[in-house]
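Participant: Please construct the entire structure, taking both the sequences and the accompanying hints into account.
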Amino acid sequence: MAVWIQAQQLQGDALHQMQSLYGQHFPIEVRHYLSQWLEGQLWDVIDLENPQEEFKAKRLLDSLIQELQNKAEHQVGEDGFLLKIKLGHYASQLKSTYDRCPLELVRCIKHILYTEQRLVREASNSSSPVGGMMDSMSQKYQQINQAFEELRLLTQDTENDLRKLQHNQEYFIIQYQESLRIQAQLTSLATLPPADRQLREPTLLSKRATVEAWLTREANTLQKYRLDLAEKHQKSLQLLRKQQTIILDDELIHWKRRQQLAGNGGPPEGGLDILQSWCEKLAETIWQNRQQIRRAEHLRQQLPIPGPIEELLNDLNSTITDIISALVTSTFIIEKQPPQVLKTQTKFVATVRLLVGGKLNVHMNPPQVKATIISEQQAKALLKNENTRNDSSGEILNNNCVMEYHQATGTLSANFRNMSLKRIKRSDRRGAESVTEEKFTILFESQFSVGGNELVFQVKTLSLPVVVIVHGSQDNNATATVLWDNAFAEPGRVPFIVPDKVLWPQLCEALNMKYKAEVQSNRGLSEENLVFLAQKAFSSSSINPDDYRGMTMTWSQFNRESLPGRNFTFWQWFDGVMELTKKHLKPHWNDGAILGFVNKQQAQDMLMSKPNGTFLLRFSDSEIGGITIAWVAENPNKPGERMVWNLMPYTAKDFSIRSLADRISDLNHLLFLYPDRPKDEVFSKYYTPPLSKAVDGYVKPQIKQVVPESDSMLDADGDFDLDDTMDVARHVEELLRRPMESQWSGQQS
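Residue numbers for the sequence shown follow UniProt numbering, so the first one is 1 and each next one is one higher.
Take the hints with a grain of salt, since some may be wrong.
In silico DSBU-like links for lysine-lysine, alpha-carbon gap of 30 Å or less [claimed, not checked]:
hint : residue 1 : residue 2
1    : K164      : K235
2    : K679      : K516
3    : K422      : K384
The hints are simulated quantities; they were obtained by calculation from the structure and are not laboratory data.
Facilitator: Have a look at this one:
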């Protein structure tokens, strides 16, 4: 529903506030007759503080006038005639008012629309159609923009008051000089004859008394103006601090949290453009207020009047400096994080950005940023402002970079493109902690000044935790440390404390996020999959999801202690499944062809009710990164009895020789993918095309998989151990790997 339709239903004070928005500067009739057009324009995309945006505003003004003229021309009848004249008059009036300052028209309309939306929202409860009109995000953005509009009006008001104070003070000084001149004339009377002195003295005394009385009154008035102005500045600074808290402590922290979860495969954190525009508006408003406070202090020094104003101005100046310091230091952020699993002697990149750099003209003297790797303990000491004596925990090559200003985007950033960790210095580990549980961080620091060296800032920011490895074999366990930290870190924590145990549903959310991202699939982990994982994690047989909702999993259970009867941890098993699926099974997982998270007993129960030749694919319980085929067929040892057969698990090595689809195609006794889909219907699009004919007299060898039919190849559980049988694929592979001379010695091709 259009805002104007709802605004017309306002009552009482809200209606009065809405009506007060209109006047000669923007008639309410224009709002009424052009309501749909006005609400359809992109007023928010115009930056009111950028003079280069004036042409956009001028285009909107011309369009508004054209719309009014078109509306006027379509009026007919007696009432239409009067409206036609009135709308034409409004078109001329708006053109005359805003033709030289079209940005002011945009400012006016934005203020009107924001205020109407606020009044409508406040008048409606959350269950009304209006309450559901805007989601919480757009409402928050509206509130932030409205607060900026209020700050703009307050700042304009204090600017006007400051000019008035300056004008009155200048006139006061002129009158004060006049009183000094009168006093000098009175003093000079002493040199005159008594008769002349008596003649002129009364007049001068009267004038002096009048001027001094005026000066006394005016001094009180000036003091009141100064106090009133200081109170207004206090109000502005309170609103500024509140707005800054919302932007820095809510929105920016939320962005950083999204950035951290993106490291686990969460959705992208989103751009910084809106945040930067807010921070730049904050910087501009803070700077304007700071300059006003400094001018007020200059006026006080120019004309000292006893009273509390000196202390008030000192407090205001201290407060505004704290506010701008918090803004600058908080908006020095890492836009692109370094890799959280960092291998030594390997190139890596990172980008840091100052969100207020362009607005504060920091780029006029481009600052340099330095990157250093520090330990968890050094990071703690840094945040406590303890002297770390410039300690580092390693050496990073190419760790200095100058911040560059990008005119097109208005961003000030430093892009580290060729960093490399040359060496790492590890600390003494605690208890059972391994090297892949030790966390480091990249410290980025710089120094720059604003306002012509008025203020100098030392800025620092820490990257997300980094785990340093020296060999690819450590990647698996290092990733576990990073996953746990990203998922369960609390905002504002002491580096880099995370809970030692978490609720199972919390871990499920993290695992699902990671799995979908790694496999690059919209098909995540189902509730059945998560129950299977819970059974594995807790050595449980329950199939009820509710039984696990209140259970907790410790870090040790996750990636320190091996699973019962295995030589690997829960995470190592899960990571192996992800790696195998990502590299070799992604299309089949996306097609739903792989059940995967099913144990041997479940597979048997599922298959025994299906026709012979029905099979399913499940991840191996006993081998990291393995997948096996289970199928139902006759028991050769007991005619008339059926049993479930299991192939020894395939690994990535097997699929690098022959794909899963081709292996399934090779096995003729596999007929239906569980529950009842013909296998060719599911897998044929992935089969390798038949080999071409011989070229130059050579025939290319073909690798094919077979499963022996002899019952001697079965173990007690009905499993084929292909290592001990005639797996033709592996046999041919070994032949092909032998040097040509040894295979065909004494023969000629």
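Participant: Does each hint fit the structure? Answer for all of them.
Facilitator: Okay, the hints, checked on the actual structure:
1. K164 with K235: holds (19 Å)
2. K679 with K516: holds (26 Å)
3. K422 with K384: holds (28 Å)
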